[in-house]
Amino acid sequence: MKTETRHEQFEPPSVLGNFLRSLHIDIPLFIGLILTSLLSLLVLYSAGSQNMDVLMRQVSRLGLAFFFMTVLAHIDPYQFKRYATLLFGLGIFLLVAVLIMGQIGKGAQRWLELGFFRFQPSEMIKITTPMMIAWYLAEYPLPPKSKQLFIATILIVIPTLLIAKQPDLGTALLVASSGAGVLFFAGLSWRFMTAIVVTLASLTPIIWHFMRGYQRDRVLTFLNPEADPLGRGYHIIQSKIAIGSGGIYGKGWLGSTQSELDFLPESSTDFIFAVFAEEFGLSGCLGLLILYLLIIARCLYIASQAQDTFSRLLASSLAFTFFVYVFVNIGMVIGVLPVVGVPLPLISYGGTSIVTLLAGFGILMSIHTHRKFR
Amino acid sequence: MSNMYAIKDHSFENQLYINRIVVAFIAIILLTSGLITRLVYLQIVGHEHYSLLAKDNSIKIVPLIPTRGMIYDRHGKVLAENTPSYRLEVIPEQIKNMDDTLLRLQKLLDISNEEIDQFQKLRKRQKRFASTPLLLSMSDEELAKFAVVRPYFPGVDIHTQLVRHYPYSDLAAHVVGYVGRINEAELKELPIAEYRGSSHIGKLGIERSYENELHGKTGYAEIETNVQARLLNTLNEVNPDPGANLYLTLDIDLQKTAYDALAGFNGAVVAIDIKTGGVLAFVSRPGFDPNPFVVGIANEDYQDLQSSENQPLYNRALRGLYPPGSTIKPFIALAGLENAAINPEQKLYCPGYYQIPGVTHKYRDWKKGGHGSVDLNQAITESCDVYFYRLAATLGIDNMYSFLQKFGFGEKTGIDLMGEKSGLLPSREWKREQKNQAWYPGETLITGIGQGYLQVTPVQLARATATLANKGKVVTPFLVNKIVNVQGTRPGVESGNNIIPLTPSNVNSVIDAMINVVHSAHGTAKGINKDISYQIAGKTGTAQVMGIKQGAKYNENNIDFKFRDHALFVSFAPANDPKIAVAVVVENGGHGGSVAAPIAGQVIKQFLQENNEN
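Just so you know, the sequences run in chain order D and Y. Position one of the first sequence corresponds to residue 1 (the working numbering), numbered consecutively onward. Position one of the second sequence corresponds to residue 375 (the working numbering), numbered consecutively onward.
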């Protein structure tokens, strides 16, 4: 193994390119993320009724998130591996702390108040869970044996249940799929996957039993939104009207009538895709999906080029989770999946998830730019 | 973690991994195609259908908010009602020159600069076509003034809404409670459909515990609107069911008498109809005006209420914890009789103090020099402490605990208000668990005179007294008598049917002694027996706020007001056919007989007079 670190050299030399490379930024990924973020500001301006306050807050969050991404890109992936268990343990500890504080205080609590900002441990665990599973499985030959699968499953189930109990079904789902993603890329046998699907299906009544009233409502609404147009079906009916009325070319930027007239609730957060689809139509939707696919493809390429098992598993899982984000959000807005609180990644208004997402991309960039040989 | 025995097959792992990446990417493409298919279906196939719904003739579903149920007292007097309130609202989009319009409005009406600032802030956060409130409540005069010039103010309009109002203000605030704006935490737990359009929810008292009944069922209308959101046509309407009206057992006039009688003190009065358990008066003084909470109380006003030394927001009748003092004695006496630890005629000598054999500590009687030789009746009448020290020592804490528990001490009464405290009935187990200590004999003694760890709420005292008057048939207090809605009338609370098995002669011995408390020359509450045609059975109590050192003397005049003893009185009347039970706690009132008993006397008098007339 060569000792000196070499960076990619196939890019045409440019001042910006050199600068970004010195920051350990992966340029194709960076361009994709910047494009999506700019799109986010465009849609938010319209969905938030042209409110500059909303826009400026999103800009500052994006700034913070990109800064955080750069910091993580700088760190050698070896350090992530080294501290994986510690970070995972810390995340679990904080989740338990939040849960206990929530029980002492009133009702649900998801964050810790750190004076100048609110810290949501569930966001941190979105990254540390795949990190932990990747670290654990990387110690053994792949594909993992049943004993390792068993332990890995427990490591996934613990944070998932803790978050589901907050209750935050959307985040729980993302954490579970990030862990499951690692297992998949580690070569989990198809037979085992079938077994898990069958088990989950038979567990459905039990999960149903533990769901909160409003979570059950969401599933019921998904199954038959028209039954309760005023209450639980309202979001889905209104968002379908918005999307459908957009047609092929859309009503144009700022042309959304549904969000303007307040027919569409949560138009800046979880349901922002409906505004986007109304204004930019099917053509815009295809464009956005292609942009997402390009980002995912670049991430999977980075994963395929990673040189140790830990980096590979972590990178591919992060790419996979990003897709789950996109799929679950758009799926719920267009009425093919139940409404769980998952934002449209990089587009929805809302702070913490953007920081976590870009932290994930920071790790991917770190993996790619710290390769020892090519 | 190191792995000595497993050898990694790198080329195999590589192949497996690349395979998986390819599979994942194919799956992602397939799933995305699924999304695209659905989008094509919505945006091409369904485009016309959805455009119709969205465009010129948008069908909008608007909630029809039910009217909140009223709350009445037992005689039909209104305790909570909905009064119309008028707001001045502005639609910014329709105003050509906002500054000019605001200036002209300010000349016409009484609008402060703060209200203008508030409006400007709100305007920035809302949509341009949204109607934004400028003045939250307009007087009739302002209403008339604006009505005249209204044509000159396009885009400015008056909106009517119903606002909850509590005509008795602080008098019944702790019973009726109040409604306030729905906050984020509540929103999470609420059924979304039922509360769409509702802005308020019960926060305290009856308003909170009967929220489901009072709120009613939200209806909705499907209306056609055009792009400007102007109403064109109503297609379909499902009317709301108004909330149920609640009729309380409370007598607001009796409540006022009790509240006024407490004037000058902090404290609580609870009066219960012994036959039913219906609460007749439920006073916690000081009260507070619940009306500002409905529209949103100003922060500094709320801080004042919160930090006030008198704690007006604190529901003393429901949550106040007090040592019962000597008011516990009738129950201890009955425990002694039922356990055959004493007989009523047996006399004990009271030298003014009691000592546990072999211990030098003197447990003092309130009367220096003692009561001499006393039997059970005299012991209760004169409230002899030494008699009860001895009785407690004979009974032991275990017997006292199990007997007092039957009368509901140490547990919630189950009254239909939220946030009730359960008080504290100490036991050996409790002390071991909480303090990790053994139970001391001295603690048994002071429990026998209602001091020490023992803590009760006023509503518990009233309930236990009513149960005693009822000869052991347990009384469960409740406030809501009838719930009346469109479906009909139903009772508020199902009453229980628990009976404590008691020997009638024992109960009568105790009640006779309690009659003597009021009607004999030596009774500690003899001050209230004038001018009444019936007999009151009662017991005074004085609860120490401050510990007094061995050998020191308690002197009311030398002590800060806030360290003066609490005055208590429990009573029921008429003694031969009990109808009403009253418990009174006067914080820092000094003596039960002189301060607390007259309050109970007034409440009983008014109630019996009124009930004889009917």
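Derived from the structure by calculation, the hints contain no laboratory data. Hints may contain errors.
[To be verified] Below, a list of computed lysine-lysine pairs in the DSS-like style, where the Cα atoms sit at most 27 angstroms apart: (1) K165(D) - K495(Y); (2) K498(Y) - K251(D); (3) K577(Y) - K451(Y); (4) K780(Y) - K845(Y); (5) K562(Y) - K165(D); (6) K736(Y) - K721(Y); (7) K451(Y) - K470(Y); (8) K481(Y) - K451(Y); (9) K649(Y) - K847(Y).
[What the hints assert, rightly or not] Coverage of chain D stretches by chain Y, computed from C-beta distances (three or more under 8 angstroms per stretch; other residues unrestricted): (10) 244-252; (11) 279-289; (12) 298-311; (13) 329-338.
Since the structure is predicted, the reported quantities are computational estimates derived from the model, not experimental observations. Ideal placement from N, C-alpha and C gives every residue a C-beta, glycine not left out.
- Query: Keeping to a limit of 27 angstroms between CA atoms, is the pair of K481(Y) and K451(Y) held or broken?
  - Reply: With Cα atoms ~41 angstroms apart, K481(Y) and K451(Y) exceed 27 angstroms; violated.
- Query: Are K451(Y) and K470(Y) close enough, with their CA atoms no more than 27 angstroms apart?
  - Reply: violated, 49 angstroms
- Task: Assess, step by step, whether the Cα of K736(Y) is no farther than 27 angstroms from the Cα of K721(Y), and give holds or violated.
- Result: Distance of about 21 angstroms is within 27 angstroms: holds.
- Task: Measure nothing beyond the straight line between the CA atoms of K649(Y) and K847(Y); if it is 27 angstroms or shorter, mark the hint as holding.
- Result: holds, 10 angstroms
- Query: Given the hinted pair K562(Y) and K165(D), is their alpha-carbon gap at most 27 angstroms?
  - Reply: holds, 14 angstroms
- Message: Quick check: do three or more residues in the region 244-252 of chain D have a beta carbon closer than 8 angstroms to a beta carbon of chain Y?
- Response: It holds, with 5 qualifying residues against the three required.
- Query: Would you say the region 279-289 of chain D counts as covered by chain Y, given the rule of at least 3 residues with C-beta under 8 angstroms?
  - Reply: Three-residue rule met by the region 279-289 of chain D, so holds; n is 5.
- Item | chain Y covers the region 298-311 of chain D, three or more CB atoms within 8 angstroms, holds or violated | Since 4 is at least three, the answer is holds.
- With a cut-off of 27 angstroms on the C-alpha distance, tell me whether K577(Y) and K451(Y) pass. holds, 22 angstroms
- Message: Check the hint pairing K780(Y) with K845(Y) against an upper bound of 27 angstroms on the C-alpha distance.
- Response: holds, 13 angstroms
- Quick one, are K165(D) and K495(Y) close enough, alpha carbons at most 27 angstroms? The given pair, whose Cα atoms are some 37 angstroms apart, is violated under the 27 angstroms limit.
- Task: Below or equal to 27 angstroms on CA atoms is what counts here, so check K498(Y) against K251(D).
- Result: holds, 25 angstroms
The earlier numbered hints that this structure contradicts are 1, 7 and 8.
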